[in-house]
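As given, the protein sequences belong to chains G and C, one line each in that order. Following the UniProt record's numbering, the numbering of the first sequence begins with 1 at its first residue and continues without gaps. Following the UniProt record's numbering, the numbering of the second sequence begins with 1 at its first residue and continues without gaps.
Hints are not guaranteed to be accurate.
[To be verified] The calculated PhoX-like cross-link candidates involving lysine-lysine, where the alpha carbons are at most 20 Å apart (straight line), are:
#, chain 1, residue 1, chain 2, residue 2
1, C, K89, G, K6
2, C, K6, G, K6
3, C, K52, C, K6
4, G, K89, C, K6
5, C, K6, G, K67
6, G, K67, G, K89
7, C, K188, C, K219
8, G, K6, G, K52
9, C, K188, G, K67
Worth flagging that the hints you see were computed from the coordinates, not collected in a lab.
There are 2 protein chains.
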Amino acid sequence: MYDHLKGFRDFYPGEMSARRETIDTVEATAERYGFREIGTPALERTQMYVDKSGEEIVEELYAFQDKGGRDVTLTPELTPTVARMVVAKSQELSKPIKWMSTRPFWRYEQVQQGRFREFYQTNVDIFGSAEPEADAEILAFAADAMTNLGLTADDFEFRVSHRDILGGLLEAFDADVDTRDAIRAVDKSAKIDREEYLALLTDAGLTWSQAEQFDDLLKSEDLDALVDFAGTERVEAAVTNLQNVLAVAEEFGVREYCTLSLETARGLDYYTGVVFECFDSTGEVSRAVFGGGRYDDLIESFGGQPTPAVGVAPGHAPLQLLCQRAGVWPEEALSTDYYLLTVGDTRDVAARIARELRATGNVVETDVADRSFGAQMGYADGINAETVVIVGEQDLANDEVTVKDMATGEQTTAPVDDFPGDRDAPTYDDFAE
Amino acid sequence: MYDHLKGFRDFYPGEMSARRETIDTVEATAERYGFREIGTPALERTQMYVDKSGEEIVEELYAFQDKGGRDVTLTPELTPTVARMVVAKSQELSKPIKWMSTRPFWRYEQVQQGRFREFYQTNVDIFGSAEPEADAEILAFAADAMTNLGLTADDFEFRVSHRDILGGLLEAFDADVDTRDAIRAVDKSAKIDREEYLALLTDAGLTWSQAEQFDDLLKSEDLDALVDFAGTERVEAAVTNLQNVLAVAEEFGVREYCTLSLETARGLDYYTGVVFECFDSTGEVSRAVFGGGRYDDLIESFGGQPTPAVGVAPGHAPLQLLCQRAGVWPEEALSTDYYLLTVGDTRDVAARIARELRATGNVVETDVADRSFGAQMGYADGINAETVVIVGEQDLANDEVTVKDMATGEQTTAPVDDFPGDRDAPTYDDFAE
Chain G
1 MYDHLKGFRD FYPGEMSARR ETIDTVEATA ERYGFREIGT PALERTQMYV
51 DKSGEEIVEE LYAFQDKGGR DVTLTPELTP TVARMVVAKS QELSKPIKWM
101 STRPFWRYEQ VQQGRFREFY QTNVDIFGSA EPEADAEILA FAADAMTNLG
151 LTADDFEFRV SHRDILGGLL EAFDADVDTR DAIRAVDKSA KIDREEYLAL
201 LTDAGLTWSQ AEQFDDLLKS EDLDALVDFA GTERVEAAVT NLQNVLAVAE
251 EFGVREYCTL SLETARGLDY YTGVVFECFD STGEVSRAVF GGGRYDDLIE
301 SFGGQPTPAV GVAPGHAPLQ LLCQRAGVWP EEALSTDYYL LTVGDTRDVA
351 ARIARELRAT GNVVETDVAD RSFGAQMGYA DGINAETVVI VGEQDLANDE
401 VTVKDMATGE QTTAPVDDFP GDRDAPTYDD FAE
Chain C
1 MYDHLKGFRD FYPGEMSARR ETIDTVEATA ERYGFREIGT PALERTQMYV
51 DKSGEEIVEE LYAFQDKGGR DVTLTPELTP TVARMVVAKS QELSKPIKWM
101 STRPFWRYEQ VQQGRFREFY QTNVDIFGSA EPEADAEILA FAADAMTNLG
151 LTADDFEFRV SHRDILGGLL EAFDADVDTR DAIRAVDKSA KIDREEYLAL
201 LTDAGLTWSQ AEQFDDLLKS EDLDALVDFA GTERVEAAVT NLQNVLAVAE
251 EFGVREYCTL SLETARGLDY YTGVVFECFD STGEVSRAVF GGGRYDDLIE
301 SFGGQPTPAV GVAPGHAPLQ LLCQRAGVWP EEALSTDYYL LTVGDTRDVA
351 ARIARELRAT GNVVETDVAD RSFGAQMGYA DGINAETVVI VGEQDLANDE
401 VTVKDMATGE QTTAPVDDFP GDRDAPTYDD FAE
């Protein structure tokens, strides 16, 4: 007997139907904002990830050589792929480009609750606008997706920050700071104790007292004080940009979901402006549910024209944890409109009825295993059939079928020639006296 | 600049929307038959494929060692995975099990028209019924999917055969035949000339004259003659089974799409009963579009209880070729219900209208790039917006917005407080005098 690989999951129909409903909700939300679906390959050249993130990234990837000797990688995220696609057709694509897609990604990493080696995300991105409206639209899409899933402002918050505030502040210290390392330290700060955090900041080039001051400044969340401290145009512009994004988010109706949180940094190196992470307001789901932000330099670094970009990628495993915690995860059950139960040689009539009911969009099962009345009824119950239509030889002799409401157990007869007739979805009630 | 790998494809929004429509149609057809969606991993242990198909299969696979030293493979087909999943939960799953899913698969093979290294299929399977109704339901689903795509009986045919007729006939010759090799020869027969075909049959153990006789028997398609020739219960039972499947297909309303074709064999080894391939009736798409059949032994060979099974897997690349040939491939274009065009500082009103229109399911874009009237109108045209709602400072001073029908170019004004009002999808016509 074979088993699935560690960190990979088999989804059986019950769980899958809940996942499908969730994915459909997130995608439908994106579609209504005019994000257009794209399709992308599972494999890319490993070099693309090495160029972007350095040789050490390969350790976390499913990287290998294909039969043609190419170094290839199972895509660990979508952003490099969409950047590549934007560059490849930048002349033809009218801006802003608004794309979305849902698919699995793969990382060879430690398996934890809500974190797998194969994981599904819906990626949503805007290319070609540096305006705060674009950042705010990403926040608005994400907030709408959450509320469309049944979550409320009591369930989640977006902690919003700005990479240029962090970078600009670090620059303002009289120190030779490795900004990348320092920002990675900020990204870790919530998960480690203060001493350890400050030590990481000193590793990145700050003195201990500078590290303390930096930490205090971020914690204060007093944007005016930050501008005064830095005294640079860079920090001033970043603060203005962050305030503008939040102002547009207000107009877009989603400001209430956003919290200013300068200690939010996002781990990935390519972010340049506003960044945000979604958290469970109760803290029960302890890690960030998902995150996103602005990455204005990536397209150019991939050989394209300078193209500002901003995006978000809800991951479906952490989203499931949050929905379950909040009690809004869809029921993991099958649903079936009709089961056509045949007794004796009545298959042709049952087939005709099944065909007509399917044509109006109903989910209809019928016997394909030559089973007894009881076995068929048990199966119909198991698939949660709402209505069972019994097509028996005796009923047919009277030109009738029996219509049974499975919730109440009530049943009645209907004229076979008038079933379903011109009804899209006939039920017991349509024929009961 | 990076490129995608050979045999892998990037799908941009226009083509993707046509693909999505096609996939949705095939999936909706399966859902209405009560096939339930499952989710499956992209990676499996390589050993599973070696056990099933022999060591040589590895040459065609994306097989590699992961960081933990496991021999793993990018799944080249779904059947072994679903067989594994059935075995893992065989006690809990009530039979018949009816599953479906759409996803990519990967094979390292020669890239041709309609054949890629990454290719998408919708797999549809029934486990737990040996009855002809199950085979016929698979044929009926497949035929309905085709007609739901707009294809007709003039466009495609299912060539139906039976593995046990082929195997039973071969057994009836006084020769030591390698059935697997002989059936592979039959599978190739349409693509090679007769001499070469007969030579392959002699390689498999028939004499030249036996090979000629075998070929004549298959070509005759006279099932009674086959039964007489073989004189075995096996061939008699197989012929009866094939006839029963076609009889049920008649009751299921899809017999017209089925042609008896004993020279159809399917390449894969695991088939045991009815097999079929879908062909373009015009022959313009020269290879089989897709195929399916019965594989009653696979679950047991995976360590499960004996479990009969039958399935089909439409591949979306060859299906696209057929739909394009038949002129029923969906238009590769974006569709947009509304573009909200802002002039001046009117974003808050535009955002309110956009939010209300999205809430009733419309696709609504608005400006996220701070662009001019002309640039916005050009963009709205590029995304095929049906209606443009112009929210201008001047109009707002009169408590109005302008509603423009993009097809006719006509425009009128509407009271801003009554737009959209209680209308789900207001158009120019709702406000024109």
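Hints and how they fare:
1. C:K89 with G:K6: holds (18 Å)
2. C:K6 with G:K6: With Cα atoms ~30 Å apart, K6 of chain C and K6 of chain G exceed 20 Å; violated.
3. C:K52 with C:K6: With a Cα-Cα distance of about 28 Å, the restraint between K52 of chain C and K6 of chain C is violated, given a limit of 20 Å.
4. G:K89 with C:K6: Between K89 of chain G and K6 of chain C the Cα gap is close to 18 Å, so the pair holds against 20 Å.
5. C:K6 with G:K67: Distance ~12 Å between K6 of chain C and K67 of chain G Cα, so the pair holds.
6. G:K67 with G:K89: Between K67 of chain G and K89 of chain G the Cα gap is close to 29 Å, so the pair fails against 20 Å, i.e. violated.
7. C:K188 with C:K219: At roughly 15 Å apart (the allowed maximum being 20 Å), K219 of chain C and K188 of chain C satisfy the hint.
8. G:K6 with G:K52: violated (28 Å)
9. C:K188 with G:K67: Since the Cα atoms of K188 of chain C and K67 of chain G sit roughly 25 Å apart, the hinted pair is violated (cutoff 20 Å).
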